[in-house]
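**Q** Sequence:
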Amino acid sequence: MALKASPSGIGSCSELVFTCENGRQYPLCPIAVSIDGDVVTASLHTGRSGGVHVRLVPMGVGYRYAGPGVWVDGFGGNALLNFGKHSQIACTIENY
Numbered sequence: 000m001a002l003k004a005s006p007s008g009i010g011s012c013s014e015l016v017f018t019c020e021n022g023r024q025y026p027l028c029p030i031a032v033s034i035d036g037d038v039v040t041a042s043l044h045t046g047r048s049g050g051v052h053v054r055l056v057p058m059g060v061g062y063r064y065a066g067p068g069v070w071v072d073g074f075g076g077n078a079l080l081n082f083g084k085h086s087q088i089a090c091t092i093e094n095y
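Numbering that gives the first Met the number 0 puts the sequence shown at residues 0 to 95.
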């Protein structure tokens, strides 16, 4: 299971936005979407300069998008955003 985006969502940062318990929002901007509409690679905007390139990691249940120093584990509209091993934030996805 992966996050879904329409082909027109490629390059758009408004379709998938993580709203987290720390009061911040983190847009996930699709770069590549499969034929089935699964987001395969994306840029996760964490407030640092530019975005972090993340890639879908196959999982049995749910989804994981991982990149340098950051990863997102989730199922449906609920996710945990991880900044390294010791910083985890609960999030939901707007409009999911």
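Check each hint, because a few of them may be wrong.
Listed next, the in silico SDA-like pairs over lysine to any residue satisfying Cα-Cα at most 20 Å (straight line) [what the hints assert, rightly or not]:
1. K3 - D72
2. K3 - R63
3. K84 - V39
4. K3 - G22
5. K3 - L55
6. K84 - D35
7. K3 - D37
8. K3 - S33
9. K3 - P57
10. K3 - D35
11. K3 - K84
12. K3 - I30
13. K3 - N21
14. K3 - A65
15. K84 - S33
16. K84 - E20
17. K84 - R63
Since the hints were made in silico from the structure, they are not lab data.
**Q** If a hint holds in the structure, say so; if it doesn't, say that too.
**A** Comparing the hints with the structure gives:
Taking the CA atoms of K3 and D72, the gap is about 15 Å. The hint holds against a cut of 20 Å. Taken as a hint, the K3 and R63 pair is honoured in the structure, with Cα atoms around 13 Å apart against an allowance of 20 Å. For the given pair, K84 sits about 23 Å from V39 by alpha-carbon distance, which is inconsistent with the 20 Å threshold. Between K3 and G22 the alpha-carbon distance is near 24 Å, which puts this suggested pair outside the 20 Å criterion.
The straight-line distance between the Cα atoms of K3 and L55 is roughly 12 Å, inside the 20 Å bound, and the hint therefore holds. A threshold of 20 Å between alpha carbons decides the hint, and for K84 with D35 the separation of about 32 Å lies outside it, so the pair is violated. For the hint pairing K3 with D37, the CA-to-CA distance comes to about 5 Å; that is within 20 Å, so the pair holds. At roughly 9 Å between alpha-carbon atoms, K3 and S33 fall within 20 Å of each other, so this suggested pair holds.
For the proposed pair K3 and P57, the alpha carbon gap of about 14 Å is at most 20 Å, so the pair holds. Taken as a hint, the K3 and D35 pair is honoured in the structure, with Cα atoms around 8 Å apart against an allowance of 20 Å. Under the criterion of a C-alpha separation no larger than 20 Å, the hint pairing K3 with K84 is inconsistent with the structure, at around 27 Å. With a C-alpha separation of about 12 Å, the suggested pairing of K3 with I30 holds against the 20 Å cut-off.
Between K3 and N21 the CA atoms are separated by roughly 25 Å; this puts the pair beyond 20 Å, and the hint is violated. For the given pair, K3 sits about 16 Å from A65 by alpha-carbon distance, which is consistent with the 20 Å threshold. Restraint check for K84 and S33: the C-alpha separation of about 30 Å exceeds 20 Å, so the hint is violated. Distance hint between K84 and E20 is fulfilled; the C-alpha atoms sit about 18 Å from each other, no more than 20 Å.
Distance restraint check for K84 and R63: the Cα-Cα separation of roughly 15 Å lies within the 20 Å cut-off, and the hinted pair is therefore satisfied.
In this structure, the earlier hints numbered 3, 4, 6, 11, 13, 15 are contradicted, and the remaining ones agree with it.
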